[in-house]
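Just so you know, the sequences run in chain order A and B.
So for the first sequence, the numbering used here puts the first residue at 1; every next one is plus one.
So for the second sequence, the numbering used here puts the first residue at 1001; every next one is plus one.
It is possible that some hints are incorrect.
Below, in silico cross-link-like pairs of lysine to any residue (SDA-like), each with a Cα-Cα straight-line distance of 25 Å or less [what the hints assert, rightly or not]:
id : chain 1 : residue 1 : chain 2 : residue 2
1  : B       : Lys1167   : A       : Leu46
2  : B       : Lys1276   : A       : Tyr36
3  : B       : Lys1167   : A       : Asn34
4  : B       : Lys1276   : A       : Ala32
5  : B       : Lys1276   : A       : Asn34
6  : B       : Lys1276   : A       : Trp73
7  : B       : Lys1276   : A       : Ala17
8  : B       : Lys1276   : A       : Ala14
9  : B       : Lys1276   : A       : Arg62
Derived, one-sided and incomplete: chain B residues facing chain A with beta-carbon distance under 8 Å [as the list claims (entries may be wrong)]:
id : residue
10 : Gly1116
11 : Gly1135
12 : Asn1137
13 : Thr1139
14 : Gly1284
15 : Glu1288
16 : Leu1291
17 : Arg1293
18 : Met1294
Source of the hints: derived by calculation from the structure; they are not laboratory data.
Fair warning: this is a prediction, and the values are worked out from it, not measured in the lab.
No residue lacks a Cβ here, since even glycine has one placed at the ideal position from N, Cα and C.
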Amino acid sequence: MMRTLRVVRAQLHASLALALQYRQGAALARVAWNPYLYDPLLRRRLARVTAPTLLCWGAHDRLAPLEPCGNTWAKEIPGARLRVFAESGHVPHLEEPQAVAEAVLDFCRSTRDAR
Amino acid sequence: MKFYYFHLMPYVMEHDEPSSWVTLSNRFYDPRQGQTLYNQYLDQLEYAEALGWDGLCVNEHHQNCYGTMPSPNVMAAMLVRRTSRAKIAILGNGLPLRENPLRIAEEIAMLDVASGGRVISGFVRGISAEYFSTGANPTHSRERFYEAAELILKAWTEPGPFPFDGKYYRYHYVNPWPRPIQQPHPPVWCPSQGSSETVEWASKRRFPYLMVFTPIKRIAQIYAEYREACQRHGYTASRYQLTVNVPIVVAENDAKAAEIAKKNTMWVFNTGLRMKPPFWRPPGYMTEASLRRMLQNPPPLPSDLTFEQADREGYIVYGSPATVRDKLKIFSDELKAGIVCSGMNGGSHEATLEMMQLFAEEVMPDFREDAAVDETAGVGR
Chain A
1 MMRTLRVVRA
11 QLHASLALAL
21 QYRQGAALAR
31 VAWNPYLYDP
41 LLRRRLARVT
51 APTLLCWGAH
61 DRLAPLEPCG
71 NTWAKEIPGA
81 RLRVFAESGH
91 VPHLEEPQAV
101 AEAVLDFCRS
111 TRDAR
Chain B
1001 MKFYYFHLMP
1011 YVMEHDEPSS
1021 WVTLSNRFYD
1031 PRQGQTLYNQ
1041 YLDQLEYAEA
1051 LGWDGLCVNE
1061 HHQNCYGTMP
1071 SPNVMAAMLV
1081 RRTSRAKIAI
1091 LGNGLPLREN
1101 PLRIAEEIAM
1111 LDVASGGRVI
1121 SGFVRGISAE
1131 YFSTGANPTH
1141 SRERFYEAAE
1151 LILKAWTEPG
1161 PFPFDGKYYR
1171 YHYVNPWPRP
1181 IQQPHPPVWC
1191 PSQGSSETVE
1201 WASKRRFPYL
1211 MVFTPIKRIA
1221 QIYAEYREAC
1231 QRHGYTASRY
1241 QLTVNVPIVV
1251 AENDAKAAEI
1261 AKKNTMWVFN
1271 TGLRMKPPFW
1281 RPPGYMTEAS
1291 LRRMLQNPPP
1301 LPSDLTFEQA
1311 DREGYIVYGS
1321 PATVRDKLKI
1331 FSDELKAGIV
1341 CSGMNGGSHE
1351 ATLEMMQLFA
1361 EEVMPDFRED
1371 AAVDETAGVG
1381 R
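Chain A on its own, in the form it takes in the complex (with noise of 0.2 Å):
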């Protein structure tokens, strides 16, 4: 009896997280399917940057990848520079926030000092 219910709970859970990720599979299509991720008109958009601009990018970002999505950032946005994290995939912010909060800090001192 106790092993039934513990049979049919796992289930459940397993069947309520199946359809929770295609809740959220469902709400990302919503405003990602076509285009699909990405946006057509972005590219002559990152020309008109006039910002200071500092890209970091993880090197193992697979949902954006260094190429061709951060090289063409790097070289469409006006005097961008771009900072590759060897140990980061998508979010190199939350994978290596020292290294990331550096790279910000030297930028902005950077720039500060041009200034």
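With chain A's structure known, arrange chain B on it following the hints.
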């Protein structure tokens, strides 16, 4: 019982690719071979009318070798001029896949007028993979389906011009010429896999429900839900609202039929419907209620379906004429389906024509007690 000849118009081929849909490169498609196939397939549909079939069915699928009819209305147009009696059932147009569904109202009306009122108009959402091959957003699928259907029905039945302001479709002038011959509009069918939402929607409007490639147990369950829903809406379902699509193989004896079914019919499931798993479940295509129901009792992937299981559960009907008659009695007497849609594949064009003739001569006459009944009277509208 009525018999409709259903064609997928497959491009039958063997391949080792992971999917027969979306990503199967069209370099495998030889247009010259396609020319031969299209003409043979159209000959088969025309021959079905000559043999006594009541209706001819075409359908819409995109980017695959399973069915090469991206526009069913084009194929229906060819049949309209080459046939004179049979109903022409388009099962159906994928409403949410269209940016301009008013075009469907126009094309169906054209076909209805040119055929003298022989057209049946299926409304479908398009199967999961088609949301990858058309770019339509699967999370909008159901809303777009309902809205496009409302627009098309209104365009057929209300004098134009009138404006239509939907969430997805907006028109300042809805006023299609021509209007359909059949009044108030051509019968609408709902081919479906049995979601409770579609059962509810179809039963409310008296639209026949078509179960496609489904095991008998599940057909019985969905038919019961449909009949119950009709009662709830204040009427008793006509038997012609309960329709089924099941492949049939008939041969001189059971052993020969089994051999043909194993090779040709199982190709449809095992190769034709081979799909990468994500293509089966685009996000948001199913409601969460339907997803939960499916998870409780997940059906086998068609590519994993064995001949033994397909046979046992009634995905296919095969055998000698006597065996096929017995198996079809389950559909006519137990499930009480009014219309059986079925395609046949004998392995070659000639073998298919022979099989059709055998079926028309040896099987069909046993089910003709309703020969004089018009199955579209008061149904689907």
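How the hints compare with the structure:
For the hint pairing Lys1167 (chain B) with Leu46 (chain A), the CA-to-CA distance comes to about 32 Å; that exceeds 25 Å, so the pair is violated. Taken as a hint, the Lys1276 (chain B) and Tyr36 (chain A) pair is honoured in the structure, with Cα atoms around 18 Å apart against an allowance of 25 Å. Taking the CA atoms of Lys1167 (chain B) and Asn34 (chain A), the gap is near 18 Å; set against the 25 Å cutoff, the hint holds. Annotation: proposed proximity of Lys1276 (chain B) to Ala32 (chain A) holds, straight-line Cα distance about 21 Å (limit 25 Å).
Between Lys1276 (chain B) and Asn34 (chain A) the alpha-carbon distance is near 20 Å, which keeps this suggested pair within the 25 Å criterion. Simply put, Lys1276 (chain B) and Trp73 (chain A) have alpha-carbon atoms about 33 Å apart, too far for the 25 Å limit, and the pair is violated. The hinted pair formed by Lys1276 (chain B) and Ala17 (chain A) meets the criterion: a straight-line CA distance of about 22 Å does not exceed 25 Å. Note on Lys1276 (chain B) and Ala14 (chain A): the hinted pairing holds, with a Cα-Cα distance of about 22 Å set against a maximum of 25 Å.
At most 25 Å may separate the alpha-carbon atoms for a hinted pair to count; Lys1276 (chain B) and Arg62 (chain A) meet this at roughly 20 Å. A least Cβ separation of about 40 Å between Gly1116 (chain B) and chain A goes past the 8 Å threshold, and the interface hint is therefore violated. The beta carbon of Gly1135 (chain B) comes within 4 Å of a beta carbon in chain A, closer than 8 Å, and the hint placing it at the interface holds. The interface hint given for Asn1137 (chain B) is met, as the beta carbon of that residue sits about 4 Å from the closest beta carbon of chain A, less than 8 Å.
Taken as an interface hint, Thr1139 (chain B) checks out: its beta carbon lies about 5 Å from the nearest beta carbon of chain A, inside 8 Å. Against a cut-off of 8 Å between C-beta atoms, the interface hint on Gly1284 (chain B) holds, since the closest Cβ of chain A lies about 3 Å away. With its C-beta approaching chain A no nearer than about 6 Å, Glu1288 (chain B) sits inside the 8 Å limit, and its interface hint holds. Interface restraint check for Leu1291 (chain B): the shortest CB-CB distance to chain A comes to about 6 Å, inside 8 Å, so the restraint holds.
The interface hint given for Arg1293 (chain B) is violated, since its Cβ lies 10 Å from the closest Cβ of chain A, which is over the 8 Å cut-off. With a cut of 8 Å, the hint placing Met1294 (chain B) at the interface with chain A is violated, because the nearest CB-to-CB distance is about 10 Å.
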